[in-house]
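> Protein chains in written order, with our numbering: chain W, 200 to 378; chain A, 961 to 1099.
FYI, nobody ran anything at the bench for these hints, they're computed from the structure. Please note that the accuracy of each hint is not assured.
To be verified - Pairs of lysine-lysine, DSS-like flavour, derived with a Cα cap of 25 Å: (1) A:Lys997 / W:Lys291; (2) W:Lys257 / A:Lys997; (3) A:Lys1046 / W:Lys257; (4) A:Lys1029 / W:Lys298.
Stated by the list, open to error - Residues from chain A that face chain W, not an exhaustive set, calculated with beta carbons under 8 Å: (5) Gln1006; (6) Cys1007; (7) Ile1015; (8) Val1017; (9) Ile1019; (10) Tyr1059; (11) Arg1084; (12) Ile1089.
Glycine residues also receive a C-beta, built at the ideal position from the N, C-alpha and C atoms.
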Amino acid sequence: MPVYGNKTVAPNGDSVDYVLPDFSYVDQDSNTVNASTIQNKIFATEFFFTSCPSICPKMQQQMLRFNEKYKNNPDVIILAFTIDPQRDSVGKLNAYARKLNIESSKWHLLTGNKDSIYALAENFLVSAADDPDAPGGHVHSGNFILVDKQRRLRGYYDGTDEESVNKLLDETDLLLKEK
Amino acid sequence: MKLKRLLQLIAPFTLVIIIAVFVLNIITHGSIQHPGKSSYQTNCAQCHGDNGEGIRVLIPPLFHSDFAKNNFDSIPCWLKNGISHKISVNGVEYEQPMYGLNMDEIQIANVMNYLSKELLDSNREVNSIQVKEILKNCK
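Kindly generate the complete structure, drawing on both the sequences and the hints.
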């Protein structure tokens, strides 16, 4: 499986893989989610917002499949970042989680500072932006991103497409076998 | 004048070609595809699912939905303006807003007839003229 992002060169001449920078956000149960949460975890990431009328319902339907499959595997979690943090408070995310019947121990719905979340999307090498003309007022990538235990970006999948999400499930299994 | 020649050649076989397309359609789809099906896939399935199953308690089902069946005549206005209040479907409350879609009266009539027959198990049917009338009176 590939490793995405630009490699850098260490002072000793070794090439170093791109890794996700540190971050800190709050989930639907007011838990802080940061570097220690994802330590030694494989995770899938998505950018969404609760009032999203367009691609999000389909994305959530597909992410529910991921959630079901790894429900009992503590090595795999989901980080879903809202790109509409002004409206998506912790309370709003909590209500949304209850409607999807998901647990914050497995699937974190995360909110925080908007600029920081938009910058974070760039760190995942995907896009998120305000657009008054877009349905719901925001445009964002419908990608699911797979990240390994070393915080390296390992796969991009179309979260609205069942076939592509099948690939995500297969490649997550592959990552679980990687040492 | 090549085209004219070609048309002259094909003309006697027109009926055969039409029947062939018809039969091919039945073979590939198992039956004639309902004209509302593609409209359903484009406009509704994204949220309500390919078979109208909905998404947990977030998006209500359309399959055997009492709310859609009992308020069948309101569907054109929902499709036009969305729904922004809480609704109860088969005994469960839903509050995720539905957004209005950009569909014309023919698409709406097709999708309603598909819904009625395939998902609501109802014999209600509408045509585009009736839909146009309903749309005039949406609140």
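> Should the hint that isoleucine 1015 of chain A touches chain W count as held when the rule is a Cβ pair under 8 Å?
Check passed: Cβ of isoleucine 1015 of chain A comes within 5 Å of chain W, closer than 8 Å.
> Let me know if the C-beta of arginine 1084 of chain A comes in closer than 8 Å to any C-beta of chain W, holds or violated.
Not OK, violated: arginine 1084 of chain A not within 8 Å of chain W, min 26 Å.
> Go through the hint on glutamine 1006 of chain A and say holds or violated, using the shortest Cβ distance to chain W against 8 Å.
holds, 5 Å
> Does lysine 997 of chain A pair with lysine 291 of chain W here, judged by a C-alpha cut-off of 25 Å?
Between lysine 997 of chain A and lysine 291 of chain W the Cα gap is close to 34 Å, so the pair fails against 25 Å, i.e. violated.
> With the threshold set at 25 Å, check whether the alpha-carbon distance from lysine 1046 of chain A to lysine 257 of chain W stays at or below it.
holds, 21 Å
> Can the restraint linking lysine 1029 of chain A and lysine 298 of chain W be considered satisfied, given a maximum Cα separation of 25 Å?
Between lysine 1029 of chain A and lysine 298 of chain W the Cα gap is close to 23 Å, so the pair holds against 25 Å.
> For the restraint on valine 1017 of chain A, tell me whether the closest CB of chain W is nearer than 8 Å.
holds, 4 Å
> Given cysteine 1007 of chain A as an interface hint, is its Cβ closer than 8 Å to any Cβ of chain W?
holds, 4 Å
> Identify whether the interface hint at isoleucine 1089 of chain A stands, where standing means a beta carbon of chain W within less than 8 Å of its own.
violated, 29 Å
> Would you settle whether the hint for isoleucine 1019 of chain A is holds or violated, based on the nearest Cβ-Cβ distance to chain W being less than 8 Å?
For isoleucine 1019 of chain A, the interface hint holds, since the closest Cβ of chain W sits about 6 Å away, which is under 8 Å.
> With the threshold set at 25 Å, check whether the alpha-carbon distance from lysine 257 of chain W to lysine 997 of chain A stays at or below it.
The hint holds at about 18 Å.
> Quick check on tyrosine 1059 of chain A please, does its C-beta sit within 8 Å of some C-beta on chain W?
Tyrosine 1059 of chain A check passes; min Cβ-Cβ to chain W is 4 Å, inside 8 Å.
In terms of the numbered hints stated before, the structure departs from hints 1, 11 and 12, listed from lowest to highest.
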